[in-house]
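2 protein chains.
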Amino acid sequence: MQLADRIARLSPSPIRQILSVIDQPGMISFAGGLPSADSFPQIDNLHVEPALLQYGPSEGEKALREQISSDLAKRGLHVSPEQVLVLSGSQQGIDLVAKLTIEKGTLVAVESPTYLAALQVFSLFGAGYLPFQPREAHALLHNTPPSLIYTIPTFQNPTGYCYTTAERKSLASVADKQGSILFEDDPYRDLVYNECERTPVCAFIERSSWVYQSSFSKTFAPGLRLGYLVCSEDLYPSLSWLKQAADLHSNRLSQSLVLSMLKHRDERLAAVVASYREKRDAFSNRLNQTLAPYCDWSDPDGGLFFWLTLKDQYTLDTQLLLQKSLQQNVAFMPGTAFFPSPIAAPSCLRLNFSHASVAEMETGLSVLAELIATGD
Amino acid sequence: MQLADRIARLSPSPIRQILSVIDQPGMISFAGGLPSADSFPQIDNLHVEPALLQYGPSEGEKALREQISSDLAKRGLHVSPEQVLVLSGSQQGIDLVAKLTIEKGTLVAVESPTYLAALQVFSLFGAGYLPFQPREAHALLHNTPPSLIYTIPTFQNPTGYCYTTAERKSLASVADKQGSILFEDDPYRDLVYNECERTPVCAFIERSSWVYQSSFSKTFAPGLRLGYLVCSEDLYPSLSWLKQAADLHSNRLSQSLVLSMLKHRDERLAAVVASYREKRDAFSNRLNQTLAPYCDWSDPDGGLFFWLTLKDQYTLDTQLLLQKSLQQNVAFMPGTAFFPSPIAAPSCLRLNFSHASVAEMETGLSVLAELIATGD
Numbered sequence: 002m003q004l005a006d007r008i009a010r011l012s013p014s015p016i017r018q019i020l021s022v023i024d025q026p027g028m029i030s031f032a033g034g035l036p037s038a039d040s041f042p043q044i045d046n047l048h049v050e051p052a053l054l055q056y057g058p059s060e061g062e063k064a065l066r067e068q069i070s071s072d073l074a075k076r077g078l079h080v081s082p083e084q085v086l087v088l089s090g091s092q093q094g095i096d097l098v099a100k101l102t103i104e105k106g107t108l109v110a111v112e113s114p115t116y117l118a119a120l121q122v123f124s125l126f127g128a129g130y131l132p133f134q135p136r137e138a139h140a141l142l143h144n145t146p147p148s149l150i151y152t153i154p155t156f157q158n159p160t161g162y163c164y165t166t167a168e169r170k171s172l173a174s175v176a177d178k179q180g181s182i183l184f185e186d187d188p189y190r191d192l193v194y195n196e197c198e199r200t201p202v203c204a205f206i207e208r209s210s211w212v213y214q215s216s217f218s219k220t221f222a223p224g225l226r227l228g229y230l231v232c233s234e235d236l237y238p239s240l241s242w243l244k245q246a247a248d249l250h251s252n253r254l255s256q257s258l259v260l261s262m263l264k265h266r267d268e269r270l271a272a273v274v275a276s277y278r279e280k281r282d283a284f285s286n287r288l289n290q291t292l293a294p295y296c297d298w299s300d301p302d303g304g305l306f307f308w309l310t311l312k313d314q315y316t317l318d319t320q321l322l323l324q325k326s327l328q329q330n331v332a333f334m335p336g337t338a339f340f341p342s343p344i345a346a347p348s349c350l351r352l353n354f355s356h357a358s359v360a361e362m363e364t365g366l367s368v369l370a371e372l373i374a375t376g377d
Numbered sequence: 002m003q004l005a006d007r008i009a010r011l012s013p014s015p016i017r018q019i020l021s022v023i024d025q026p027g028m029i030s031f032a033g034g035l036p037s038a039d040s041f042p043q044i045d046n047l048h049v050e051p052a053l054l055q056y057g058p059s060e061g062e063k064a065l066r067e068q069i070s071s072d073l074a075k076r077g078l079h080v081s082p083e084q085v086l087v088l089s090g091s092q093q094g095i096d097l098v099a100k101l102t103i104e105k106g107t108l109v110a111v112e113s114p115t116y117l118a119a120l121q122v123f124s125l126f127g128a129g130y131l132p133f134q135p136r137e138a139h140a141l142l143h144n145t146p147p148s149l150i151y152t153i154p155t156f157q158n159p160t161g162y163c164y165t166t167a168e169r170k171s172l173a174s175v176a177d178k179q180g181s182i183l184f185e186d187d188p189y190r191d192l193v194y195n196e197c198e199r200t201p202v203c204a205f206i207e208r209s210s211w212v213y214q215s216s217f218s219k220t221f222a223p224g225l226r227l228g229y230l231v232c233s234e235d236l237y238p239s240l241s242w243l244k245q246a247a248d249l250h251s252n253r254l255s256q257s258l259v260l261s262m263l264k265h266r267d268e269r270l271a272a273v274v275a276s277y278r279e280k281r282d283a284f285s286n287r288l289n290q291t292l293a294p295y296c297d298w299s300d301p302d303g304g305l306f307f308w309l310t311l312k313d314q315y316t317l318d319t320q321l322l323l324q325k326s327l328q329q330n331v332a333f334m335p336g337t338a339f340f341p342s343p344i345a346a347p348s349c350l351r352l353n354f355s356h357a358s359v360a361e362m363e364t365g366l367s368v369l370a371e372l373i374a375t376g377d
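Note that the protein sequences, when read in sequence, are chains A and B.
Under this note's numbering, the first residue of the first sequence carries the number 2, and numbering increases by one thereafter.
Under this note's numbering, the first residue of the second sequence carries the number 2, and numbering increases by one thereafter.
So that you can see chain A by itself, here it is in the shape it has in the complex (with noise of 0.2 Å):
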């Protein structure tokens, strides 16, 4: 049996696996970016017109790109609907930019820490890394030129950070002077607590080629799996043929429910946002109570996690602390995953503070207040 080299690059994805274990009874999870249950949708009493069951459109349905390019108008960023193509999904935008600019050697830039699962395909393509720092991406032109700039420039995962205006301008003329693809993911930016500059930094590109993409799964739901990608005109016949060799085009129902529940998105949203926002606190809160002394870390102005960087004297092995709160029924992200050369990275946590409920918070950050304590 012959497999493709790219296998002996492929490994599963860290977050998946913890996701496996999270709905056993008991456990309270820190682990995943999975929105609350309370803030789904209500779908009731649902018609499904036949013509939505047939086979549709490899870029999606007309009316949903429609409502997609006029809603990142109002976000700065100013495409039409021709340059919209809908996704199972953003991970589904990251396997295609992958497959479009990717085979081994191809030099990739990528804020370290970044998103675990892009990681993860960019690797399985092939990509060498170029770390950066959101702060230091004028660093990026004293090397190499990339051929793609991987970003989450709103409420970075994991660390939360949110690029200001002048950072934005920075990485967008980094792109611009060295003719790499600038690729912004883009799934936090609607889950602000405290409001900031989230202009799409491909909105301060001038010349070159790039690609954006956001997802309907924080905001909306998961399951139903949808997102999309816009991205500048010379890319969009390639991205639109690899989405058709990939699946044809989305699931359409999806399509039809989100549509549907855009048009009371703003009310939606407060109302997600100022539950988060709660919930945000609550978490700084208990945080504050129980790791402050072992561990360093900003509060979020979005998104759904806290970074924390254990302290000196406290730094252990992430991987070993998490089999043994899995012990006691806690779980989270041990942060070496997010590194793109993990062997340096520093010792990290990742904690969602989403889905557990305030109880939940309490007891599972004192188990880890407690290992961590005893370096046990």
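Hints are supplied without guarantee of correctness; some may be wrong.
[As the list claims (entries may be wrong)] With the C-beta cut set under 8 Å, the calculated list includes, among others, these residues of chain B facing chain A:
{"id": "1", "residue": "Pro15"}
{"id": "2", "residue": "Arg17"}
{"id": "3", "residue": "His48"}
{"id": "4", "residue": "Leu54"}
{"id": "5", "residue": "Pro58"}
{"id": "6", "residue": "Thr107"}
{"id": "7", "residue": "Gln179"}
{"id": "8", "residue": "Leu225"}
[As the list claims (entries may be wrong)] Pair ranges (Cβ atoms, derived):
{"id": "9", "chain 1": "B", "residue 1": "Lys75", "chain 2": "A", "residue 2": "Ala38", "range": "51 to 61 Å"}
{"id": "10", "chain 1": "B", "residue 1": "Ala374", "chain 2": "A", "residue 2": "Glu207", "range": "56 to 66 Å"}
{"id": "11", "chain 1": "A", "residue 1": "Arg208", "chain 2": "B", "residue 2": "Asp300", "range": "56 to 66 Å"}
{"id": "12", "chain 1": "B", "residue 1": "Thr364", "chain 2": "A", "residue 2": "Gln43", "range": "17 to 27 Å"}
{"id": "13", "chain 1": "A", "residue 1": "Asn144", "chain 2": "B", "residue 2": "Lys75", "range": "29 to 39 Å"}
{"id": "14", "chain 1": "B", "residue 1": "Lys75", "chain 2": "A", "residue 2": "Asp235", "range": "49 to 59 Å"}
{"id": "15", "chain 1": "A", "residue 1": "Ala38", "chain 2": "B", "residue 2": "Ser261", "range": "16 to 26 Å"}
I should point out that these hints are in silico values taken from the structure, not numbers from a laboratory.
Just so it is clear, CB atoms sit at the ideal spot from N, CA and C, and this is done for glycine as well.
Fit chain B to the known structure of chain A by using the hints.
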């Protein structure tokens, strides 16, 4: 801007391009493998469990995997539910298997002609082709062993051919002897109008690795984008990780809808098959009245297509024929795109009979006959 080398091998799917014109008013389409809208299930008063809107398992919903495993046992293929991977349509299975097995220069044995969107994906990843005829699979033994053998043994697309028992065993034995991975694509097997052998080729495999996939698009609803694969145990971890990386998991609402429809599978299939059998017979009738002087074909025992080969004296460029027939509001699939080596392809047409009404068949086939007769 630097794209991956594979993008030079990327092409749009000819069928998706035609699908974009067949929605025009008045168009008679024999082009796609579109199920008849009459065959779609009624979905009314649907209540969606909020739990279904959360992220789900990459492998698919447990109850659906169990149902698929039990249905496959009735087909002669015995696998545990843990060997089932739910897909976002079976096109996705082609993408995953290509990632698993194909890189530049990988030798893939394919029937000639075969499903064009499989060729699209295999070519993107850099496959070289070893074409074979269903009746002569043993000829593959005289060649360099292919890494992958792709086959549609039951109501093949585009030819409609159904392998005999001996031919199924012969192909399985080729895979076993050469250590090739057998990839069986089986979307049409339930659309059977004359009983014939339909045991999966994979059921005859003794040693080699294999992947078997099927779809709910042809018997339930393509718009829900749901299919599945099962495979030999050695391949399952890699394929499930590739699935994670491609779209995390498949739509949970679709999975729930399909599972509930599978409970009434037999009644539903009986009605669909009866209606398609009538359509096949009507189409065969009209073909005999219109195209018999110009083409050869066999009535298919199942599936959705008639495959016509133009008689020598009427040979013409079917791409040009399509341009002309579209002007008269008739769409079909030229045969060329189905051949791994299109240059030497004979002059063929694939005609779908499930979508058009009987009156449309009459009109559409007369248009084609006239265009072919005048060589125009």
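Here is what the structure says about each hint:
no.: 1; hint: Pro15; in the structure: violated, 11 Å
no.: 2; hint: Arg17; in the structure: holds, 5 Å
no.: 3; hint: His48; in the structure: holds, 5 Å
no.: 4; hint: Leu54; in the structure: holds, 4 Å
no.: 5; hint: Pro58; in the structure: holds, 7 Å
no.: 6; hint: Thr107; in the structure: holds, 7 Å
no.: 7; hint: Gln179; in the structure: violated, 10 Å
no.: 8; hint: Leu225; in the structure: holds, 6 Å
no.: 9; hint: Lys75(B) with Ala38(A): 51 to 61 Å; in the structure: violated, 37 Å
no.: 10; hint: Ala374(B) with Glu207(A): 56 to 66 Å; in the structure: holds, 58 Å
no.: 11; hint: Arg208(A) with Asp300(B): 56 to 66 Å; in the structure: holds, 58 Å
no.: 12; hint: Thr364(B) with Gln43(A): 17 to 27 Å; in the structure: violated, 47 Å
no.: 13; hint: Asn144(A) with Lys75(B): 29 to 39 Å; in the structure: violated, 59 Å
no.: 14; hint: Lys75(B) with Asp235(A): 49 to 59 Å; in the structure: holds, 51 Å
no.: 15; hint: Ala38(A) with Ser261(B): 16 to 26 Å; in the structure: holds, 22 Å
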